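Listed below are the residues making up each chain.
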Amino acid sequence: EAEVAQSPRYKITEKSQAVAFWCDPISGHATLYWYRQILGQGPELLVQFQDESVVDDSQLPKDRFSAERLKGVDSTLKIQPAELGDSAMYLCASSPDLVYEQYFGPGTRLTVT
Amino acid sequence: ELKVEQNPLFLSMQEGKNYTIYCNYSTTSDRLYWYRQDPGKSLESLFVLLSNGAVKQEGRLMASLDTKARLSTLHITAAVHDLSATYFCAVDEEYGNKLVFGAGTILRVKS
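Chains as they are written, first to last, in the numbering used here: chain H, 1 to 113; chain R, 1001 to 1111.
Hints may contain errors.
[Stated by the list, open to error] Below, simulated DSSO-like cross-link-like pairs (lysine-lysine); rule was C-alpha separation at most 27 Å, straight line:
#1 H/Lys62 - R/Lys1098
#2 H/Lys62 - H/Lys78
#3 R/Lys1110 - R/Lys1041
#4 H/Lys11 - H/Lys62
#5 H/Lys62 - H/Lys15
#6 R/Lys1017 - R/Lys1110
#7 R/Lys1098 - H/Lys78
#8 H/Lys15 - R/Lys1110
#9 H/Lys15 - H/Lys71
#10 R/Lys1098 - R/Lys1110
#11 R/Lys1098 - R/Lys1068
#12 R/Lys1041 - H/Lys11
#13 R/Lys1056 - R/Lys1098
#14 R/Lys1017 - H/Lys78
#15 R/Lys1110 - H/Lys62
#16 H/Lys71 - R/Lys1098
#17 R/Lys1068 - R/Lys1056
#18 R/Lys1098 - R/Lys1041
[Said to hold, decoys possible] So, partial list: chain R residues that the calculated Cβ filter (under 10 Å) puts toward chain H:
#19 Gly1040
#20 Ala1090
#21 Asn1097
#22 Leu1099
Just so you know, these hints were derived from the structure itself, not from any lab.
Predicted model only: the values in this text are computed from it and were never measured.
Positions of the beta carbon are idealized from the N, C-alpha and C atoms, including for glycine.
Model the full assembly from the supplied sequences, consistent with the hints where possible.
This is how it looks when you write it as structure tokens:
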């Protein structure tokens, strides 16, 4: 069964360092999502791509976060510089298109010290 | 702005008992999802509800959607320990597949 892949699974970084996460969606899925889930809360959408184009990044803190999906397949989410408040689970999801169910990857647990 | 509220936020149940988790949302939407999350794990899709009156069942879980009341319920029948997890509802905002999640309900089933 096809799955969304994410790496790394765990990342510990120091405050002010740069960090990057990678996501490979299910093959053929045009829509890709990045969510941030703070411990004890529900996931919050950071950015949504349709193919290589950003559909919504209204909740992405653009002063320190960036996301790209250059060829419309895999995607990278970067934080520079990391802050203590960025400690969270970062989830990637994909769907065949904008109207279909989203499938979530295993997530990357980020700890900023 | 769409708001999604779940209650209760924490539920401790005895095995064999029934209970219901409620999910209220603030604006019109016909698409609602229920997910399960185990500690430290990702989200597992449970149900997709796409129309008013939709009802879906899987094992001891049954979900329903009332779009007029802006309410979904997740009913647990004869709970077992394996159902212990956090359950989230999520509502599609603006039909653009932009999900807004509730805060989650932590379910603990005690033997």
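Pair hint outcome, H/Lys15 versus H/Lys71 [Cα-Cα no greater than 27 Å]: violated, 31 Å
Interface hint for R/Leu1099, Cβ within 10 Å of any Cβ on chain H: holds, 7 Å
Agreement of R/Lys1017 and H/Lys78 with the hint, judged by alpha carbon distance not exceeding 27 Å: violated, 46 Å
Hint consistency between H/Lys62 and H/Lys15 [alpha-carbon to alpha-carbon, up to 27 Å]: holds, 17 Å
Hinted pair R/Lys1110 and R/Lys1041, Cα distance within 27 Å: Roughly 21 Å separates the two Cα atoms, so the pair holds.
27 Å limit on alpha-carbon distance, applied to hinted pair H/Lys71 and R/Lys1098: Measuring from Cα to Cα gives roughly 22 Å; hence the hint holds.
Given pair status - R/Lys1098, H/Lys62, alpha carbons within 27 Å: holds, 19 Å
Minimum beta-carbon distance criterion (10 Å), R/Asn1097 to chain H: With Cβ-Cβ at 5 Å, under 10 Å, it holds.
Given hint H/Lys62 paired with H/Lys11 - CA-CA distance at most 27 Å: Since the Cα atoms of H/Lys11 and H/Lys62 sit roughly 21 Å apart, the hinted pair holds (cutoff 27 Å).
Distance restraint between R/Lys1017 and R/Lys1110, which requires alpha-carbon spacing of 27 Å or less: Holds, because 10 Å separates the two Cα atoms, which is no more than 27 Å.
Given hint R/Lys1041 paired with R/Lys1098 - CA-CA distance at most 27 Å: Holds, because 21 Å separates the two Cα atoms, which is no more than 27 Å.
Chain H contact restraint on R/Gly1040 - CB to CB distance below 10 Å: holds, 7 Å
Hint compliance for this structure: hints 8, 9, 10, 14 and 15 are broken, all remaining hints hold.
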